[in-house]
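Residue numbers (the numbering used here), protein chains in the order written: chain A, 1 to 246; chain B, 1 to 319.
Don't read these hints as lab results, they were simulated from the structure.
Watch out, some of these pointers could steer you wrong.
Said to hold, decoys possible - 27 Å max Cα-Cα, derived DSS-like pairs, lysine-lysine:
no.	chain 1	residue 1	chain 2	residue 2
1	A	244	B	26
2	B	222	B	188
3	B	79	A	16
4	A	244	B	15
5	A	225	B	277
6	A	51	B	184
7	A	244	B	284
8	A	16	A	105
9	A	221	B	277
10	A	244	B	187
11	A	2	B	180
12	B	51	B	11
13	A	225	B	222
14	A	244	B	292
15	B	11	B	79
16	A	244	B	314
17	B	145	A	20
18	A	244	B	222
19	B	284	A	221
20	A	225	B	292
21	A	16	B	277
22	B	184	A	244
23	A	105	A	2
24	A	150	B	187
25	A	244	B	319
26	A	51	B	180
As the list claims (entries may be wrong) - Quick partial rundown of chain B residues pointing at chain A, CB under 8 Å, derived from the structure:
no.	residue
27	106
28	185
29	192
30	295
Every residue gets a Cβ at the ideal spot worked out from N, C-alpha and C, and that includes glycine.
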Amino acid sequence: MKILVCISQVPDTTAKISFKEGNTVFNTDGVQFIMNPYDEWYALVRALEIKESQGGSVTVINVGPAENETVIRKALAIGADDAIRVNAVSSSALFIAKQIAEVAKAAQYDIVFTGKETINFNRSEVGAMIAEYLDQPYISYATHLDLQGKTATIVREIEGGSETLEVDTPFVISAAKGLAEQRIPNMKGIMTAKKKTLKVVEPIAFDDISFPVRYELPPSKAGVKLLDADNMEELVRLLHEEAKAI
Amino acid sequence: MILIFAEVQNKTFKKQTLELVTYGSKVAKMLNTSCVVLVLGEAENAGQLGKYGANKVYQVVNDHLNTFDSQVYTQVIAKTAEQIDASVIVLAHSSTGKSILGRLAARFNAGSVAAVNTLPSIDGNSFEVQKTVFSSKAIATYSIKSEKKILSLSGNSIAPEILGNEVEVELLSIDVPAPKVRVKEVKKVAGIVPLPEAELVVSAGRGLKGPENWGIIEELAKELGATTACSRPVADTGWRPHHEHVGQTGVAIRPNLYIAVGISGAIQHLAGVNNSKTIVVINKDPEAPFFKAADYGVVGDLFDVVPKLTQAVKDFKSK
Ligand SMILES: Cc1cc2nc3c(=O)[nH]c(=O)nc-3n(C[C@H](O)[C@H](O)[C@H](O)COP(=O)(O)OP(=O)(O)OC[C@H]3O[C@@H](n4cnc5c(N)ncnc54)[C@H](O)[C@@H]3O)c2cc1C
Ligand SMILES: Nc1ncnc2c1ncn2[C@@H]1O[C@H](COP(=O)(O)O)[C@@H](O)[C@H]1O
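Using the sequences and the hints given, assemble the complete structure.
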């Protein structure tokens, strides 16, 4: 199996979020960046497991600036064979998908993995876009994936349950919790990662047509109203009359 | 024209679909156009969507639509959008919508925004919508520059409203390709509103000590008609199924009421729940960070507080 895993770089889950330049730009001062958890823990690891059991290769791809190479090297340390960085900075899902699809079209992967969503943009869009550009099936929110020859059996999350389906390669799949178990890179992985190929390609021209123009922080709560444990009638009354929640 | 894709479940429409139609109808008014709803597959009384603001309902019935394949659905929605020359297409931000939104955007080279939670603000050629980003830690305003715009709407962002009357349903004949995805089984927990759609949620964390104590949470949930959820360690240790885990790496929800029992309120947990309209926190530690994000709080032992709250809800309902 020839596999491509899309990895994005995101602020650490505990990062303090703030903005600058009149709330138009995310303030990266003091922010630690990590690989998007769904990409790292589930998509990449399941791709590696498939390679380990059936042979083939795992390539990781990121659309981003040179700073992202630390995260890309981490993916190589976890076990990817080689990496591609499309040298562009964009917050547009369509731009990112277009660049990835361009690379994927030329190389003809059997499976393209993405994470279920990025934890900064929370879009869940890039995978579906790549699939459309490649004219391939797209299976979102996969929690299980087994392969028998060219046929994959996949379980995906749906509201209040799950769906089990079969599909033949090639396809695009987005990874959710359950697909694999997180792997921590070991010393040997980190050493060999330095020698693996990280190819940098220039983006193809493409206009951004949908992008964030302003940010704000959510309105803060007025403050908590504390109630006594022996006065739950009052809480129920407030939930009914004041909050209109029940 | 505004095109709304109405999801059908067991031949009926979920509340989220009614929200979508109301949303589409309001966008149509802003743009001085009409709101067309597309129903794929069999449905009982699709004409009722007119009440929520649809000016026209189209339906396509075909065996190939009985199971979900994003390629097939995308093709049918795209063909309909072309036929009616839709300028805005709106889907639900659901497992189905998420599989289609990006495809439509790529197909039409149209600007898209996923998980919007406000009506657009439209001024001449400027079209802006808002969504939460950084896992609910911020709100972003997006601008869409293309002619065609594709949006998915977060659940519970707008209340369904009665805006019109039933309309006639017109069957469209569109070629529907055979699916490449072969669905083998669909499993759903019966009788419970799925978490992403739930208006009332009772959630518990490690403070519950063990799975054997979960009964008190279920009793409160049952009394309220709420869906249950949990923090990540609770799902990781197998006390509760994974689909109940809320937060940054779990399900993100925005119910009207979120009751958090024995959950400390870590930033990754809050990321999935702080869009809830009202938050109640029950925790024995007055310093628990969750109280900062709460509207109402009870400092106390959950094993004492929760049964009392359940009783109070019972008394309230019998009044
Ligand atoms: C990358 C990453 C992603 C993560 N994603 C998520 C996520 O999506 N969702 C999530 O939930 N977590 C997530 N976490 C974990 C998160 O950081 C916390 O560890 C977790 O939310 C804590 O769960 P908890 O509140 O149930 O447990 P604890 O933090 O142990 O809190 C238990 C609480 O119960 C209270 N308590 C104990 N006994 C009682 C009693 N008898 N009566 C009343 N109160 C009592 C305690 O005072 C305490 O506040 C993530 C972590 C990382 C690093
Ligand atoms: N800049 C990027 N480079 C590579 N892959 C990306 C990038 N942005 C998003 N992805 C992939 O697309 C998935 C979904 O992202 P999103 O649509 O932003 O929620 C992520 O989990 C990644 O796998």
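Verification of the hints:
1. A/244 <-> B/26: Within the cut-off at roughly 24 Å; holds.
2. B/222 <-> B/188: Status holds; Cα separation ~18 Å.
3. B/79 <-> A/16: violated, 44 Å
4. A/244 <-> B/15: holds, 19 Å
5. A/225 <-> B/277: holds, 15 Å
6. A/51 <-> B/184: holds, 26 Å
7. A/244 <-> B/284: holds, 26 Å
8. A/16 <-> A/105: Not satisfied, since the Cα-Cα distance of roughly 38 Å exceeds 27 Å.
9. A/221 <-> B/277: Status holds; Cα separation ~10 Å.
10. A/244 <-> B/187: violated, 33 Å
11. A/2 <-> B/180: holds, 20 Å
12. B/51 <-> B/11: Cα-Cα ~18 Å, so holds.
13. A/225 <-> B/222: holds, 25 Å
14. A/244 <-> B/292: Roughly 21 Å between the alpha carbons, so the hint for residue 244 of chain A and residue 292 of chain B holds.
15. B/11 <-> B/79: holds, 23 Å
16. A/244 <-> B/314: The hint holds at about 17 Å.
17. B/145 <-> A/20: Distance of about 24 Å is within 27 Å: holds.
18. A/244 <-> B/222: Given pair residue 244 of chain A, residue 222 of chain B holds - Cα atoms ~19 Å apart, limit 27 Å.
19. B/284 <-> A/221: holds, 21 Å
20. A/225 <-> B/292: holds, 10 Å
21. A/16 <-> B/277: holds, 23 Å
22. B/184 <-> A/244: violated, 42 Å
23. A/105 <-> A/2: holds, 13 Å
24. A/150 <-> B/187: holds, 25 Å
25. A/244 <-> B/319: Holds, at about 17 Å.
26. A/51 <-> B/180: With Cα atoms ~24 Å apart, residue 51 of chain A and residue 180 of chain B stay inside 27 Å; holds.
27. 106: holds, 4 Å
28. 185: holds, 4 Å
29. 192: Status holds, d = 6 Å.
30. 295: With Cβ-Cβ at 6 Å, under 8 Å, it holds.
In summary, the structure is inconsistent with hints 3, 8, 10 and 22 from the numbered list given earlier, while agreeing with the others.
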